[in-house]
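Protein chains: 2
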Amino acid sequence: MLKELDADSWVSERRSSLDDVSAPVRDIIENVRNNGDSALYEYAKKFDKIDLEDICVSREEIDSAYEEADGRLVEFLIEAEARISEFHELQKREDLWLREVQPGIVLGVKTTPLERIGCYVPGGRASYPSTALMTAVPARVAGVSEICACTPPPGNPLTIVAFDIAGVDEIYRVGGAQAIAAMALGTESIKPVQKIVGPGNTFVTAAKMMLRDYAEIDFPAGPSEIGIIADDSAVPEFLAADILAQAEHDPNSACVLITTDRGTAEATIAELKAKAGISPRKEIIFAALENSGYIIADDLADAVSLSDMIAPEHLSIQVRDPMSVLNRVRNAGSIFVGPNTPVACGDYASGTNHVLPTAGYARVYSGLNVSHFCKTSTVQMIDREGLTEISDIVINLAEAEGLHAHADSVRERLKLRK
Amino acid sequence: MLKELDADSWVSERRSSLDDVSAPVRDIIENVRNNGDSALYEYAKKFDKIDLEDICVSREEIDSAYEEADGRLVEFLIEAEARISEFHELQKREDLWLREVQPGIVLGVKTTPLERIGCYVPGGRASYPSTALMTAVPARVAGVSEICACTPPPGNPLTIVAFDIAGVDEIYRVGGAQAIAAMALGTESIKPVQKIVGPGNTFVTAAKMMLRDYAEIDFPAGPSEIGIIADDSAVPEFLAADILAQAEHDPNSACVLITTDRGTAEATIAELKAKAGISPRKEIIFAALENSGYIIADDLADAVSLSDMIAPEHLSIQVRDPMSVLNRVRNAGSIFVGPNTPVACGDYASGTNHVLPTAGYARVYSGLNVSHFCKTSTVQMIDREGLTEISDIVINLAEAEGLHAHADSVRERLKLRK
Numbered sequence: 000m001l002k003e004l005d006a007d008s009w010v011s012e013r014r015s016s017l018d019d020v021s022a023p024v025r026d027i028i029e030n031v032r033n034n035g036d037s038a039l040y041e042y043a044k045k046f047d048k049i050d051l052e053d054i055c056v057s058r059e060e061i062d063s064a065y066e067e068a069d070g071r072l073v074e075f076l077i078e079a080e081a082r083i084s085e086f087h088e089l090q091k092r093e094d095l096w097l098r099e100v101q102p103g104i105v106l107g108v109k110t111t112p113l114e115r116i117g118c119y120v121p122g123g124r125a126s127y128p129s130t131a132l133m134t135a136v137p138a139r140v141a142g143v144s145e146i147c148a149c150t151p152p153p154g155n156p157l158t159i160v161a162f163d164i165a166g167v168d169e170i171y172r173v174g175g176a177q178a179i180a181a182m183a184l185g186t187e188s189i190k191p192v193q194k195i196v197g198p199g200n201t202f203v204t205a206a207k208m209m210l211r212d213y214a215e216i217d218f219p220a221g222p223s224e225i226g227i228i229a230d231d232s233a234v235p236e237f238l239a240a241d242i243l244a245q246a247e248h249d250p251n252s253a254c255v256l257i258t259t260d261r262g263t264a265e266a267t268i269a270e271l272k273a274k275a276g277i278s279p280r281k282e283i284i285f286a287a288l289e290n291s292g293y294i295i296a297d298d299l300a301d302a303v304s305l306s307d308m309i310a311p312e313h314l315s316i317q318v319r320d321p322m323s324v325l326n327r328v329r330n331a332g333s334i335f336v337g338p339n340t341p342v343a344c345g346d347y348a349s350g351t352n353h354v355l356p357t358a359g360y361a362r363v364y365s366g367l368n369v370s371h372f373c374k375t376s377t378v379q380m381i382d383r384e385g386l387t388e389i390s391d392i393v394i395n396l397a398e399a400e401g402l403h404a405h406a407d408s409v410r411e412r413l414k415l416r417k
Numbered sequence: 000m001l002k003e004l005d006a007d008s009w010v011s012e013r014r015s016s017l018d019d020v021s022a023p024v025r026d027i028i029e030n031v032r033n034n035g036d037s038a039l040y041e042y043a044k045k046f047d048k049i050d051l052e053d054i055c056v057s058r059e060e061i062d063s064a065y066e067e068a069d070g071r072l073v074e075f076l077i078e079a080e081a082r083i084s085e086f087h088e089l090q091k092r093e094d095l096w097l098r099e100v101q102p103g104i105v106l107g108v109k110t111t112p113l114e115r116i117g118c119y120v121p122g123g124r125a126s127y128p129s130t131a132l133m134t135a136v137p138a139r140v141a142g143v144s145e146i147c148a149c150t151p152p153p154g155n156p157l158t159i160v161a162f163d164i165a166g167v168d169e170i171y172r173v174g175g176a177q178a179i180a181a182m183a184l185g186t187e188s189i190k191p192v193q194k195i196v197g198p199g200n201t202f203v204t205a206a207k208m209m210l211r212d213y214a215e216i217d218f219p220a221g222p223s224e225i226g227i228i229a230d231d232s233a234v235p236e237f238l239a240a241d242i243l244a245q246a247e248h249d250p251n252s253a254c255v256l257i258t259t260d261r262g263t264a265e266a267t268i269a270e271l272k273a274k275a276g277i278s279p280r281k282e283i284i285f286a287a288l289e290n291s292g293y294i295i296a297d298d299l300a301d302a303v304s305l306s307d308m309i310a311p312e313h314l315s316i317q318v319r320d321p322m323s324v325l326n327r328v329r330n331a332g333s334i335f336v337g338p339n340t341p342v343a344c345g346d347y348a349s350g351t352n353h354v355l356p357t358a359g360y361a362r363v364y365s366g367l368n369v370s371h372f373c374k375t376s377t378v379q380m381i382d383r384e385g386l387t388e389i390s391d392i393v394i395n396l397a398e399a400e401g402l403h404a405h406a407d408s409v410r411e412r413l414k415l416r417k
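Residue numbers (numbering that gives the first Met the number 0), protein chains in the order written: chain A, 0 to 417; chain B, 0 to 417.
Hints are computed from structural coordinates only; laboratory data are not their basis. Incorrect hints may have been included.
[Unchecked claim] Derived EDC-like pairs (lysine to aspartate or glutamate); straight-line CA-CA distance at most 16 Å: (1) A/Lys190 with A/Asp168; (2) B/Lys414 with A/Glu236; (3) B/Lys91 with A/Glu78; (4) B/Lys272 with B/Glu282; (5) B/Lys190 with B/Asp260; (6) B/Lys414 with B/Glu388; (7) A/Lys91 with B/Glu93; (8) B/Lys2 with B/Asp260; (9) A/Lys190 with A/Glu114; (10) A/Lys272 with A/Asp301; (11) A/Lys414 with B/Glu236; (12) A/Lys45 with A/Asp26.
[Said to hold, decoys possible] Part of the chain A face toward chain B, derived, beta carbon under 7 Å: (13) Tyr65; (14) Lys374; (15) Ile392.
Glycine residues also receive a C-beta, built at the ideal position from the N, C-alpha and C atoms.
Input sequences plus hints: build the corresponding full structure.
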């Protein structure tokens, strides 16, 4: 059950080395590079035990996936998609803004979507139609023209439906490192993409890291985590429920309860003891709880510092005044404020994205959002008045750097003699 | 002199392979990893022919760099810094925005700066104090607490002054791949950074790409480029001046003139013939013009399509109605609109950043900006009303994915029975 933890060592233990898989992943990449589609069929047989007829999921197959799926779940996916779209629309920036910073000098930024991206949705221990929404919706909202998606064969019907609801243009039955290689390098069936997003196991993550020269990625992501900041006002039943929800994801998932109140930690552990054993996923939960623990903080400021060191993928704030804690937090993938905001809401339906950096990467990376699918160009528009105003700086700094033709390009406009 | 070009083949030729340098760069990285500072002193001696006493530039040395530098140039750097700061301040997003998307469901985004970043400024063929400003100012504007900078020994005084003006906290005399390794991995003197930005030669770029697991980077950047879209209203003298300014950077620089008017191309070539030979950097210019050329476009729409294929680092628009061309452009690092906006202005003083993606990478990457030094956390705050509203979706999708404890974490709040 939860043990007392040290924040520092916890983070270093979360970074799983990709070295163990780098040799097989390199082989997979080379096979896909050299043999294209035929390597994908080979791996479907080898890893997924399936003799595929076609890696591409046809329109007819998408339509039958709708028929096969529970109609009520399809409705829920449509509703979830609408909520996720709504929040991601709020993130969009104007296509072009321009500002006259001084007479004759107009500066601005133009934002344009990427042209073609790839979503990866794992099969693995469960099927994840929610992840199909989370990876594809921000790309569609950003305005990406071609969204391609891969998921391991045979392809879960609800996942295929979710891709379709999200607006994916092409769906392929390809899993693992071979899916990443196919989207990054291209095959006969799959055109290469500019960026690949979505979670996966260490093979998928290693392939994403190795192929960044070909296709940019969102960020490295590993097993799921929760950090909770709680004071003595927190409800131990809620804390335990959120910990169990995180723990059931994967044996390598981890949970850290940071609390100013030892009694709250003890009551939460008692609650976990009572409930962990009755879950249908209890083996996974018990394994994940081995990676988990609690930390007693001196006060809430200390709790935030500890949490910032850990930079949890999900941070739940269950204290009397959660806004004051929110204001101090620096490092977290997604933040859940108050007792009635279980992480599960963000996983499915509040509208925020659940593709988030883990293992301390939230110190550097943002969770998946619309800006992952856009790039910006700066813009400047200068007239003779503006050019005259800055000509001295440009000419002199250019000459100081030995770039005389730079200086001349200004002189030529103003017909200045050297 | 400029030859007629094909846009497609041009792009593939711009991506210089990093394979040639990967073995020596790997050795440098391992040496820095294993031997820390002593490897840095060793390389200063070997590559820069300098017996360094200290890799760290002291406050006293910064002060004497100010004294050594031309006072007028220091004033110009201060003025350029103010303009760059002003434009980058306009890019900042609010620290936290929250929106009630429906009763009881508040969503938002919290933006926080990175904690520690590294700037690299090359020495090479020229000294680049302007690049010191361009790399450090966006980080300072973003609110980064610790900005560290490396530049090859002995360290150009004006570059050191520029780092100081920009608000850099630590300056080190380290160049090349070893500087990237030191900032990514850390040594006795240099604490590791979260992200490394700034241009460099193939050694520097290869090291940045190899060390992305340790420190994120801005983007791969190679030799400088200009694309120009011109119609028959363009002034050939201005076109030639901008081409020469680009060509003087590096023998591998490249310039592409895309014009709807063959006469404009011919007049520009005549102008280049007249002027290229009288430049003090003529060897570099002639070499760069070998990589350069012109394309005759059917019309301006075709010109924009060709330019988008090339995705030039700098795009100059010199046509009758430049705004209509600007509105169509998708792929370019920085866009210079109209006849009186030479690229040189953006290199030094308009306020936009000159650290930009090259070799077609502008299709995927943004030029350096404030968001490179920030990350975001999504925020959600739900009350019982909001939770009740979305509980059906969350519970049902969670159960469909086999994640029962996720469903329970909602039920527990609402005290719903299964």
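Right, here's what the structure says about each hint:
1. A/Lys190 with A/Asp168: Since the Cα atoms of A/Lys190 and A/Asp168 sit roughly 12 Å apart, the hinted pair holds (cutoff 16 Å).
2. B/Lys414 with A/Glu236: Within the cut-off at roughly 11 Å; holds.
3. B/Lys91 with A/Glu78: At roughly 33 Å apart (the allowed maximum being 16 Å), A/Glu78 and B/Lys91 break the hint.
4. B/Lys272 with B/Glu282: holds, 14 Å
5. B/Lys190 with B/Asp260: With a Cα-Cα distance of about 55 Å, the restraint between B/Lys190 and B/Asp260 is violated, given a limit of 16 Å.
6. B/Lys414 with B/Glu388: holds, 15 Å
7. A/Lys91 with B/Glu93: holds, 14 Å
8. B/Lys2 with B/Asp260: Cα-Cα ~15 Å, so holds.
9. A/Lys190 with A/Glu114: With Cα atoms ~12 Å apart, A/Lys190 and A/Glu114 stay inside 16 Å; holds.
10. A/Lys272 with A/Asp301: violated, 28 Å
11. A/Lys414 with B/Glu236: The given pair, whose Cα atoms are some 11 Å apart, holds under the 16 Å limit.
12. A/Lys45 with A/Asp26: Distance ~14 Å between A/Lys45 and A/Asp26 Cα, so the pair holds.
13. Tyr65: violated, 15 Å
14. Lys374: The hint holds - A/Lys374 has a Cβ within 7 Å of chain B, the shortest such distance being about 4 Å.
15. Ile392: holds, 4 Å
The structure does not agree with the numbered hints 3, 5, 10, 13 stated previously, though it agrees with the rest.
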